[in-house]
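Asks: Just so you know, we're using our numbering here: the sequence shown kicks off at 1482 and counts up by one.
There's no promise every hint is true.
Below 20 Å or equal to it, Euclidean Cα-Cα: the simulated EDC-like pairs (lysine to aspartate or glutamate) are [to be verified]: (1) Lys2219 - Glu2091; (2) Lys1868 - Glu1879; (3) Lys1979 - Asp2029.
No wet-lab data here; the hints were simulated from the structure.
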Amino acid sequence: MNFSLGQRWISDTESDLGLGTIVALEGRQVTILFPASGENRVYSVQEAPVTRVVFNPGDVIRHVEEWELRVDSVEEQNGLFCYHGTRVDNEEETSFKETFLDHFLKFNKPQDRLFAGQIDRFDRYTLRYQTWQHQFDKEQSHLKGLIGQRASLIPHQLYIADEVGKRFAPRVLLSDEVGLGKTIEAGMILHQQILSGRANRVLIVVPENLQHQWLVEMLRRFNLHFSIFDEERCSEAYADAPNVFETEQLVLVSLEFITKKRRWFEQATLADWDLLIVDEAHHLTVTKEKPSTEYQRIAELSQDIPGLILLTATPDQLGHRSHFARLQLLDPDRFYDYDAFVEEESHYKEVAEAANNLLQDKKLDAKEEQTLCTLLKETDISELLAKAQNGDSDAKAEILSMLLDRHGTGRILFRNSRSGIDGYPSRLLHQYPVPLPKQYKTAMSVMGNIGGIQSPEFNAMRALFPEKIFQEFEGEGSGWAQFDPRVEWLIAKLKELKHEKVLLICAKAETAISLEQVLREREAIKAAVFHEGMSIIERDRAAAFFADEYDSAQVLLCSEIGSEGRNFQFSHHLVLFDLPLNPDLLEQRIGRLDRIGQKHDINIHVPYFENTAQEVLLRWYHEGLDAFETTSTTGQMLYKSFSDDLLALIAEHNCNEDELDHLLEQAAKENAQLRTKMEQGRDRLLELHSSGQGKTDNIVAELEALDNDVILPAFMINVFDTFGVNQEDKGENTIILKPTEHMLNPSFPCLKDDGITVTFDRNTSLSQEDAHFISWDHPMVSGVMDMICNDDFGCASVALLKNNKLPVGTFFVEMIFVAEASAPKSLQVGRFLPPTPIRVLMDKGGNDLAQNVAFDAFNQQLSAVGRQTGSKLVNALQSAIHPLITQAGDIAQAQLESIQANAMDKMQKQLGDEQGRLQALKAINPNIRDEEVQVFDKQRAELSTHIEKAQLKLDAIRLIVVANQ
């Protein structure tokens, strides 16, 4: 190396030091000052790990006084380079010596880094190219947004999510029956809208008792971090922002909060939102007199929000007028008059009846044939009808499809029922009467008259929890669990089921904590506690301890609130240590196990004190509502009808056969009538449409193939290894990731300081809620891709090719260009022109060999080379490489034009087909809004502009030199 004072060099081993200047030469040592970092380094002249910085004509360089020069020529004067050229700011011709180069100079272009000796490791270049390829595939995938949810692949949910999630500003009512996954459907729609850029700011409004459930569901299933806004949060945020709702993108509030707090509600209406989601929408009621306050609030909010998703399992429960009013929220232009809606709806019934007739395996009579012909008068269906009458299933399917297109609310209302969905287990009740201990009898006798006159519901609730009365009598620290016979029963049952996982739910956290202590101290039974006083992380750990197969908890002891939003379908034994008064809460408890994906019949174990309030409530649920062994859709209605008599019997511990049996007979009779009425009112055509009729079979198959593919795990494990992330095999398809001191990037995406557990297996993620489900949609994967592609990681490399058939010294230059179209995220330009890697492999004669030499096969023949050797090879061939870069740019530009043309054709065809389909449907189904059709014209125009303006950049370069074997 020839050193001179004032020369500029960079460190090969510490590139973050910046641009260095030689300030001293003494004997065999050279001293280099790095002004940008204020560091000095002293090296041996013979072995200094540094590279001389040299720029070439055409480069733009920066002077220490912060002006730029476009280099026209370079000459060497007394060991220093002098750059001649034109100033960028004023076009004045000037020159300066390398000593005056900007100290903070960064080599961002791949070719600059290559020529400056900032050569990356061989494997990093390979990883960079693979990342671009994966990102290309990911952006074009029609499954984007459907891959990453932590949920089973259930066809009807995927159909609704796929159908609605891709719409512009979706406005729909999701009304599947309890347990069919409305929250998951809404989350999947939301996930797609956010990943596609169609929605950025989202407001979710739910009843207060469901806030935590939604917070957990959105975070655990979809990696969406919502913030709960209540009085405390709003008051704190108001100090920092004029509108508190502008401080977060994803906001969760309770319906009660925005109903009662006018000040904060007004701020919510003034904020800009893309999508509004409202759960338990049956609380939005309207009577002839006036709409409820809740309805008015949501109506005012939804006026200026493009997207609206309403959820309710009982759309018609609180009145038909309210059902119409909710449809009016979705599309006020379409549903403008209630009487007109009722008249129109009478014709829906004709369509539904016609569908029912087709679905039944019997021939249609003349009247039924005529009804179908009238309904489908725009099309001659006589030939199809004849085939259908002869049992042709395809003809029946085609007629049904036509009926679905004309169905009144089928595009904005989705409803699936359990009777129409396969895959649900049976529910089996096991009753265990135990005597009321004398300690409770004494406490109840003494404390019974204390407290004055209370409401019937208060008295009933008090009667259901004798342990609470005992604690009031003896003091909070009293050990009720030491003598309660339900505890003895529980210990015996757990021993009997010692190889089974058991979920126990009780009303209060204190009960769960006491039970855990007794099980641990008396029998050393491993139990996990799960209640609302624990943090989300603590709950995750408890759930994981329960889910693990080895050295884990046999029983999970949950409080009512703590168990919200969690599902444990890997267990099929449920203990209800006490019973809730609210029938919806009972269904919610059983629903923790009774989910699609449950592979066993569910055993429901209920210990109760005989001849007490607990027996009254148990018999009410079992004999009156049949709520244990079937899904109760009538519970709230029956509770309202019989609550006065029921609460009185519970409060008085009245198990008198005459009185109680009479009440139960009446309730059972009304329950049967209500269920029959509901069954007759089932809109089977709507359910058929909502289930997707097998349209998602291909999607399920594709998602299953992706789940079983090893490409993602191999890619991410390579990333972990390359970036220095520590990996510990935890077993059962899980890995613990932990940061290390030697990571390339200290801010590795989604990696916490104390580490995280991950899995690439969907089923494992469902049973182990502490494990992140890593998919192509997961923010860790997206973050890794951005981290690699948006940095200079692996963008300049040198490799050796050992091949005896080629002369030693032969070289190739491989370049990766990327074609990119910049556009607003909401346009989803990536569907048509994602960032596209273009590989060019130049030989020294200027020929592109990329089409004949595949990357992977070629890469396997290459071997790494040290940075100093690589720098010498680059310096020796620099003059020959420059013209090849220019030629490669021309080749890539020609490919870009072809890519643009293909993207334009694909975009015009796909959007044209979608618009044409909607226009055809709009002619026969007015539920399609004008803006849904018109948005395609705007999208096509904007996408055309952005595709035409697509740019090409050189992203990575690699020099390959042939060497001896």
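Asks: Now look at each hint and say whether the structure bears it out.
Replies: The hints, checked one at a time:
no.	hint	in the structure
1	Lys2219 - Glu2091	violated, 54 Å
2	Lys1868 - Glu1879	holds, 11 Å
3	Lys1979 - Asp2029	holds, 15 Å
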